[in-house]
Every structure is written in structure tokens, then in C-alpha cells.
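Student: As a plain string of letters, each chain reads:
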Amino acid sequence: MSSTPYDQVQTLYRTLLVFATVAVLILAVGLVEFVYFEPPGQTTGVKARIVGVYTYDPATGTTAGTDRSAFGRSEEFAAVVDWSGLPTNLSVDVRWYDGFGTIVGRVGPSTPAELGNSSVVPVITPPGLHHNLPGQYTFVVERLQGGLPVEVLARRIVLVER
Amino acid sequence: MSTSTYTTPPAANPHPRLRPGRYGIAIAVAAVVVITLVISSLLNYVYLDTIPARTSLYGLLAVALIALGTYIGVRAFTRDRADRRKHLIRAGVLLGLGTLLWLLVIDVFVFTQAAGPLIAALCALACLPTTAFGLFVVRRMDRNEKEPWRLVLVAAAWGAIVATSLVIWGETIWDQVAQHALVPGPGLDASTAFSAGLLEELAKGLAVVLLFLVMRNDFDDVVDGIVYGAAVGLGFNFLESIAYMTNMYAIFSPEGYGWAAAGLQWYGRQGLGLFFGHTTYTAFIGAGLGIARQLPNKRQKAFAIASGFLTAIAAHFSWDAWVQFFPIDNTLFGLVEMHLRTLIMTGPFTAAVIALLIFGIRYEAMGLTDQFRKEAATGSGAILLEEVPILSSPWRRLKQRLRAFQRRGLRAYLEVARLQSAQLDLAMERWHRERQEIDTPLEAEDALRLRVIELRHWVPAA
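Those sequence lines, one after another, are chains A and B.
Taking numbering that gives the first Met the number 0, the leading residue of the first sequence gets 0, the next gets one more, and so forth.
Taking numbering that gives the first Met the number 0, the leading residue of the second sequence gets 0, the next gets one more, and so forth.
Since the hints were made in silico from the structure, they are not lab data.
Just to be clear, a hint being listed does not mean it is correct.
[Stated by the list, open to error] Within a straight-line C-alpha distance of at most 20 Å, the following computed SDA-like cross-link-like pairs (lysine to any residue) qualify:
hint, chain 1, residue 1, chain 2, residue 2
1, A, Lys46, B, Ala177
2, A, Lys46, B, Val182
3, B, Lys300, A, Asp6
4, A, Lys46, A, Arg155
5, B, Lys297, A, Gln7
6, A, Lys46, B, Gln178
7, B, Lys297, A, Arg13
8, B, Lys297, A, Thr10
9, B, Lys300, A, Gln7
10, B, Lys300, A, Thr20
11, B, Lys373, B, Leu449
12, B, Lys373, B, Leu413
13, B, Lys297, A, Leu16
14, A, Lys46, B, His179
15, A, Lys46, A, Ser109
16, A, Lys46, B, Ala180
17, B, Lys145, B, Glu385
Please put together the full structure from these sequences, using the hints given.
Tutor: The following block contains the structure:
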């Protein structure tokens, strides 16, 4: 029989190892989540064409001016997508994300055939706000599979200035 | 010339190469930090065409200061032993302060420019008392042997200034690449969370690693590790709070909600989240290092340190990646949801740190009590047999100090406090020596014993 007293540091060490095991599980779940939403092997080579981002008149639903990459916060703006180069049966949607990652404009899901030649996708000022929030806005044309976006077919980033 | 000046007394732990090895790692870590800061300064200058970017270039001054410090440090070793320590401390303190202050200027520009200096100053003022309270509480958690304020503040300053400077470009590059390559949504959120968890915890953890390597005498066990780790986290949380408050103010002030948005950030980070977020995450790193401090073999030490880092990274990741699955209503009930979310998502991690802390305190107390008894049995006079129950209990120690205060005022209180502190230091030294986890010579223990006896002469029986 051993007379050596049990070192309590070993208890602390083992407890920490248990925490580390839980940590590995958490990170593994995170990795699975990442792979689920970013499935590998989804590159089709198809590219959508974003004609440009322009100032937008919500009353008429039309765009005006030249293609820009920065807007004032009181300016309304919209992206124009040309669907003509895409396979007609592809499931797609388009979204605007603001600097917080909130969707602030969307068209679809649909197919290029149903969306016609082109789509004007405006940024909608969130309810309760007078103007768009400043920051980087990301516009993406996405290919969907099983209702989930799996590939970005085109992307534009514009800045809404302070 | 005294011969004792150049002789090395035997260490308790018979591994003569242990100390140089530790210091070598510390120098390597410091070099990596300096190189990263240089690269960060250059990148700021090249890619950010703004005033803060130009200011950041002068971050290179920090490198010059460190080079100068190294020079002075090396020169100090040619002096005699008595002068050497003095010169080393002077060089270290002055250059360390210069570096930290310069980085602070850069950080203030980089992180708070959105709302202007006045708002940034007000936000900093709002965060100061809460962070100070946090540091006070964290330091008080070590019931037996409180860490020196200078080290706790250095840890917090590293978290606020150095760690934030270290991660800025890593996170920026990671996020830019991800933003241009990934599908927006949960996948991108997970990527950003991996970046924050990994880079921020590594940057914060470096401070605790350096304290572990260099300040071994003040890094005793898991309790000390948790204290230093939490202090680094509080420092990081301080600057991050200011950055978020100023940013939210700048975004929402034209809508008329600027102060409300900044206030909500303040409450979330400096009130509700003061001990939950960064404080908890980095405390895990400290716990890992503190446990490694007392483990006997290198394999276990490595596993303990890695486990601390892993747990911190996972805890940080889980909040950043999954917080969007707990949305907050824009109603009054949102306030309840906000508290519940923090409690559910970070509460278990904080509870885990508290469990380690409580166990660590109890274990430390057992070890110290054992050493009080053994020292009393030697009859050296440093610790008397009747003092053992008092020294073993923080409450009884406090009562003894209060009794001294009632009898002879504040001076007596402080004298008793100094005596108790010296007795605890002696017991701690003995504890480490018995466990063979110390590399200071036996003379250090004798010096502590003499100090206790000397202090006892000034303290009448309490």
C-alpha cells in the first residue's frame, strides 16, 4: 500500500482536462457549423454580373447616376443585377447586408428565368431609423441548394459614410 | 570584495538550467511581440491613409525604446550585484512605461477616432471605475497572498494596450479575406468567431505566459494564474468597451440614439459582462499556467497550458459564433433576454473558473497551514504555534489586524498586516521548496525568515 499522499494539483489538472475536452467539442461543433454553411466543392464556375450600384428613387423604383462605391447615409441606393448570363433554372437570391450583418434588402429566392433580364435591389432603411446606418454594406448574388445559400456568384461592397 | 557576491547557492529544485531556459523562452516571446508590433505599425502606415496611421508609424519608437532598454540591461550586468538590480529595474520600468504609453496613444487614435476625442474621453471615464472595481475584486479573490498591484496593473495594461495592438491586423486581414470569400451568414460568423477566439486569446495569453516565465516568485499556483488572467481580460475589456461605445455613438448619434447606444454597450460590457466575457476567458489561460506551475512533469505542464488556452478560445468562440441564435427583442422584455443570454452562454464558463478558483484557494490554504505548523515546529520564532490557527484563516487574520487597529490605530494595523504578509510569504516559499517547484536558493527562505523575525520586533503582541 502506498503511503504517498494524493497531490491535489492532480485533481485540478484533471478538472482542467475535462474543461479542455468540452472546449474541443465546442470547437468541433463550430467547425461542423462552418462546413454545413460553407460546404466544400460547391464552386460551379458560374458568375453573375452586377451591373453597378446607383442612387435609387423609391417613388419610381428606378436607379440614376453612375456606378458608385460610397454613399452618404441619407442617400437611397440599389444594386442592379444582370441575369442574362446565368443558367435559367438556377436557384438564386440576392441580399444586401449592412455592417452588422443584418439583411437590409432582398430579392428571391427564384430563378433567373423568373427574375427577367435584370433586377433592381434597393437597400431598405430599417424601421425606426431615418437613414441607413453607416458602415460597409455587402451585396451578394447567391446560389441556393436545399434552401441554403452555398455559393456566392457575385459580390460588391460599398461604404455608407458617417 | 565579498565572495558571496559571485557564488550561486544551491537551489531547492536541482535543475540548474531551469531558470536560463525559462528566461530564454520569455525573451523569444517578447521578440515575437515586438516584431508583430513593428509589422502592425508599418501596415497601419502603408494601408491606412489617415492621421492615426501616420501616428502608428511612430509605434516604431517603441522598438527603439526596447532596443535602448536591452542595451542598458546588458550594460547593467557588468556592474556589481548591488547596482545591477537597481539599474535593471530603472531601465525596465521607464522603458516599459514609455512603450505602453506610446501604444496607448496609437490605440486611442485607432479605436476611438469614430466619435472624436471628447466622446472617447467620456467613454473612457465611464469605463474606468468599473474596470478599477473589477481589478479590485479580482485581486481580492486571492485570500491568502494577494498579488502586488504593480503586476496586476501591468497585466491589465497589457490586455488594454499590447494585446489590442497585436490582434488588430491579424483580425483585419482574416475578416477581409473571409468577407470576400465566404457566403454571408452563420458560416461567416463562425469564421469571424474563430478569428476572435484564436487571435485575441493568444494575444492576451502572452501576457500571462510572460508573467509565468519571468515573475515566478509572484506566480504561485492556480489562484495567482486566475488573478493575472482575469486582470489581462479586464484590461482588454476596458479598451474594447471604449472602442464599441465610441463606434455605436458615432453610428447612432445622427438618429438621436447615440448616448443610448453607447450606454447599452457600457452596461453590456462594463456592468453585466464585466466578469463574464474576456475576464472569464483569459482567467482560463491563467488557470492552465497556474496548474502547470505545480505539476511535476513537462508533459503534464504542456497539457495544462494547452488546456487553458483551448478552453479560453472555445469559450470566446461560443459567444461570438452563437450569440446571433439568441436575438434580443426591441422591447422592454429585451432587457431580461439580454441578462438571460449572458447567463446561459457565458455563465457556465464563469462557473467553471470559479470552481477552479475555490478549489485552488482551499488547496493553497491546506498547503500553507501545513507549512505554518512545520515552521512553528522548528522553533525559529518566525511563526509561533499559537499563531497557526490565526494565519490559516483570512477572517482571523483580519480580526487580528482590526484588534491591533482598535488598540493602537492605523499604524499598528499596517504593522500587523506586514507581519502577516511576510509570514505568508515564508510559508509559500516553504511550500514550493517542499514540492521542489522553486529555483531560488535556500538563502531566499532564510532572508524571508529573518524579515519576519525583524518585523515581529516592531509589532507588540496583538
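Student: With a cut-off of 20 Å on the C-alpha distance, tell me whether Lys46 (chain A) and Ala180 (chain B) pass.
Tutor: Given pair Lys46 (chain A), Ala180 (chain B) holds - Cα atoms ~14 Å apart, limit 20 Å.
Student: Are the Cα atoms of Lys46 (chain A) and Arg155 (chain A) separated by 20 Å or less?
Tutor: Cα-Cα ~13 Å, so holds.
Student: For the pair supplied as a hint, Lys297 (chain B) and Thr10 (chain A), confirm whether the alpha-carbon distance does not exceed 20 Å.
Tutor: holds (17 Å)
Student: Does Lys46 (chain A) pair with Ser109 (chain A) here, judged by a C-alpha cut-off of 20 Å?
Tutor: holds (16 Å)
Student: Does Val182 (chain B) lie within 20 Å of Lys46 (chain A) when you go C-alpha to C-alpha?
Tutor: Judged against 20 Å, a Cα distance of about 14 Å means the pair holds.
Student: Tell me if the straight-line CA distance from Lys300 (chain B) to Thr20 (chain A) falls inside 20 Å.
Tutor: holds (16 Å)
Student: For Lys46 (chain A) and Gln178 (chain B), compute the direct alpha-carbon distance and say whether it is at most 20 Å.
Tutor: Distance of about 17 Å is within 20 Å: holds.
Student: Is the hinted pair Lys297 (chain B) and Leu16 (chain A) satisfied, with a Cα-Cα distance of at most 20 Å?
Tutor: Between Lys297 (chain B) and Leu16 (chain A) the Cα gap is close to 15 Å, so the pair holds against 20 Å.
Student: Need the status of pair Lys145 (chain B), Glu385 (chain B): alpha-carbon distance at most 20 Å?
Tutor: Violated - the C-alpha atoms of Glu385 (chain B) and Lys145 (chain B) are around 23 Å apart, more than 20 Å.
Student: Hey, Lys300 (chain B) versus Gln7 (chain A), does the alpha-carbon distance stay inside 20 Å?
Tutor: The hint holds at about 15 Å.
Student: For Lys46 (chain A) and His179 (chain B), compute the direct alpha-carbon distance and say whether it is at most 20 Å.
Tutor: Between Lys46 (chain A) and His179 (chain B) the Cα gap is close to 15 Å, so the pair holds against 20 Å.
Student: Keeping to a limit of 20 Å between CA atoms, is the pair of Lys373 (chain B) and Leu449 (chain B) held or broken?
Tutor: Holds, because 17 Å separates the two Cα atoms, which is no more than 20 Å.
Checked against the numbered hints given earlier, the structure breaks hints 12, 17 and satisfies all the rest.
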